[in-house]
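Chain by chain, the residues run as shown.
There are 2 protein chains.
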Amino acid sequence: MSDTHSTGPLKGLTILDLSRVLAGPYCTMVLADLGARVIKIETPKGGDDSRSIGPFVGSESAYFASINRGKQSLALDLKADADRAIFEALLARADVLVENYRPGVMARLGYGWERLHAEHPRLIYAAASGFGQTGPEAHKAAYDMVVQAMGGIMSVTGHPGGPPTRVGTSIGDITAGLFTTIGILAALRHRSETGEGQFVDVAMLDGQIAILENAVARTTTTGVAPGPLGARHPSITPFAAYQCQDAPLVIAAGNDGLWASLLDALGLTGLKTNPRFATNALRTEAADEIATLLEAALAAHPVAHWLVVLEKAGVPCGPLHDVKQALAHPQVKARNMLIDTELPDGTPLKAAGNPVKLSAHPDPATRPRAPRLDEHRETILKELGL
Amino acid sequence: MSDTHSTGPLKGLTILDLSRVLAGPYCTMVLADLGARVIKIETPKGGDDSRSIGPFVGSESAYFASINRGKQSLALDLKADADRAIFEALLARADVLVENYRPGVMARLGYGWERLHAEHPRLIYAAASGFGQTGPEAHKAAYDMVVQAMGGIMSVTGHPGGPPTRVGTSIGDITAGLFTTIGILAALRHRSETGEGQFVDVAMLDGQIAILENAVARTTTTGVAPGPLGARHPSITPFAAYQCQDAPLVIAAGNDGLWASLLDALGLTGLKTNPRFATNALRTEAADEIATLLEAALAAHPVAHWLVVLEKAGVPCGPLHDVKQALAHPQVKARNMLIDTELPDGTPLKAAGNPVKLSAHPDPATRPRAPRLDEHRETILKELGL
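Same order as they appear, the protein sequences are chains A and B.
Quick note on the working numbering: the first sequence kicks off at 1 and runs consecutively.
Quick note on the working numbering: the second sequence kicks off at 1 and runs consecutively.
Among these hints, one or two may not hold up.
Given that identical chains are not distinguished, each listed pair holds provided it fits within a single copy or across any two copies.
[As the list claims (entries may be wrong)] Straight line, CA to CA, 25 Å or less: simulated PhoX-like cross-link-like pairs of lysine-lysine:
#1 K140 / K272
#2 K324 / K140
#3 K350 / K272
#4 K333 / K140
#5 K382 / K333
#6 K79 / K140
#7 K272 / K333
#8 K382 / K350
#9 K312 / K140
#10 K45 / K272
#11 K45 / K350
#12 K140 / K11
#13 K382 / K11
#14 K350 / K333
#15 K45 / K324
#16 K79 / K350
#17 K11 / K272
#18 K312 / K382
Hints listed in this document are in silico derivations from the structure and should not be mistaken for laboratory results.
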């Protein structure tokens, strides 16, 4: 099944997408942005749950429209014979099937991996689930914050002694979506070598473990779990938000050279020879003392002043933006990271762009809109000869 | 250049990795975990900066060892003629070059994309940088927390009125690493169709915009930037950490059916017909009131009790784990998400596993250790016939 409009590296690939809400749809959004054709199979009763999750513009979900841009929609009841025949005709033509049901749902529908692999040996089947297809809790349902809580990232986010803090976006879903994308692309590479499709099993909880980064090493080497650290890096100093005259500024001096440059820029040259601050490890032990010393100097001027001074000194730093400031930033605009799309009813909508910039493919500033429920039924049935 | 030990879907691919610390090395860790051969080119003066970032076991960085497992190391001074000749011999045999220098550094070394593409038309060149290769701030350096601050995620993480809060892991680097991995795999697919290599340009700041999720739609549709929300979802209710008798429990009732099941399980059946809570949108407006009602019921029992009751009711929920609890969880163990590896000196080390589980490839519970600096010089030079 071809898509003549696509110009991306995944042009020519057809993804059958049974997924709902976020982890699966985020994966297929990335695939669609890279040129794959995504056919979104939705339940006839209202479609994807995220069509009823805000923010809304009129009766349309801008949330749904952002994540499902550039996809086609076909409403199918997979328990009805006529619709099953359509789904099976699509399976025979698809490269990849994506779903994020609880494990077991597809097998109960008669579409388990074993059957599909036997009938369609080239098909890649990707399942993103809360806990994965194996293990004692495979059967449980999960949503983003459940895996943020169980996976440990909430325990290192927030302030010491403070209340539990969620990462402010659905990092549990998004991470799973990205790893599912990677699994699909790796499986496509294997298929191009061998002709063989395979099953890609990604768990949201596993993704949370994979992004814990040095919190894992800190825990496994000491036996002690790290706590939250507010707004500083756990093992690099100075690497934190420091208060200037008017607002905080993030300064990230990640090595000895940058530490020296920072001290010069702040007029704290005398600290350069202090043996207690000679290495990153020593500076991290003295992180509070260093914050006090830096903030005493930073208090003399506002953030705007220090941005200029520290940039000249080559010290990485940046202001704390709210989302409106972030989206309006000249670099974000220059990188085409806020693209134009539409709601299903045609109302203009701005959404986040695709961060994978490729020299052999355009990065359109306008992306096709998300579909109305069942919008592409006629087109698709015609292609299938049904 | 072949690697007879690999069993993953990327077997047979050779990645030349000039990257340091985290965004690039995280990308090449994922590629190595999936079977690619990664040759890490390090500066002879101490190698990758992350060799001196904690936590340490003796003199070895467990941080470096976790992220660089399964890679080979070759120390090269790219300003010295003899070493440049080795690098150029490797370029002729590599599939992918990965670097995370500031834009311009590779061109000044004589290895800019135009030259490399002309000489090695099949080579894929992936650059992960702070701000990307284009735009007014392309030349600036960035570290993780700088892009967390500028990209807006810190503005939606934390508690209303509270101090700035960093996401507790280096999500700025890790997200860029994942999008770089996706870009490389998409470019490999394009190369398998056309024979043509290309340039993959990923910015850490762009990655932060891409994971803002519905904060973008909320901002662009209302003109108002959202603030931090503590430990609840901005547009789904109930979806938060709620206090039980002994500790908080995350409950995620993402649709009307789960809301009804939750009320039944808590003995709050009377609320099911309350029209003010009839839809998710109405419940989100009444999020504080709903928290009060739920916590009044939850206070009667500890988390362990409610986990059983809510699981039986099919309501997604989970306890708040610290990292030690997360790594010890039976599901995490069953999924092989804590693997065995070693420090460069052979000391055993536990590290996070690979969340991409594939039916056609094993998911080894033991992963080869990270290299000592320049450990593979002899092997590699011999292969090159130098």
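Intra- versus inter-subunit Cα pairing at 25 Å for K79 with K140: within (23 Å within a copy, 56 Å between copies)
How would you classify K312 and K382 at a CA-CA limit of 25 Å: within, between, both, or neither? For K312 and K382, neither the intra-copy (61 Å) nor the inter-copy (45 Å) Cα distance is at most 25 Å.
Is it within, between, both, or neither for K45 and K272, if the alpha carbons may be no more than 25 Å apart? between (67 Å within a copy, 21 Å between copies)
Since the copies are identical, ignore which copy is meant and state whether K333 and K140 lie within 25 Å (CA to CA) inside a copy, between copies, both or neither. between (41 Å within a copy, 16 Å between copies)
Give the relationship of K350 and K272 under a CA distance limit of 25 Å: within one copy only, between copies only, both, or neither. Answer is neither; intra-copy 47 Å and inter-copy 36 Å both fail.
If the cutoff is 25 Å on CA atoms, where do K272 and K333 land: within, between, both or neither? Let me know, please. neither (39 Å within a copy, 46 Å between copies)
When Cα atoms must be at most 25 Å apart, do K45 and K324 count as within-copy, between-copy, both, or neither? For K45 and K324, neither the intra-copy (35 Å) nor the inter-copy (43 Å) Cα distance is at most 25 Å.
Is it within, between, both, or neither for K382 and K333, if the alpha carbons may be no more than 25 Å apart? neither (40 Å within a copy, 48 Å between copies)
For K312 vs K140, is the C-alpha pair at or below 25 Å within one copy, between two copies, both, or neither? between (53 Å within a copy, 10 Å between copies)
Are the CA atoms of K79 and K350 at most 25 Å apart within a copy, between copies, both, or neither? neither (37 Å within a copy, 46 Å between copies)
Between copies, within a copy, both or neither: which fits K140 and K272 at Cα up to 25 Å? Intra 55 Å, inter 24 Å, cutoff 25 Å: inter-copy only.
For K382 and K350, with the copy left unspecified, which applies at a CA distance of at most 25 Å: within, between, both, or neither? neither (32 Å within a copy, 54 Å between copies)
In summary, the numbered hints that this structure violates are 3, 5, 7, 8, 11, 12, 15, 16, 17 and 18.
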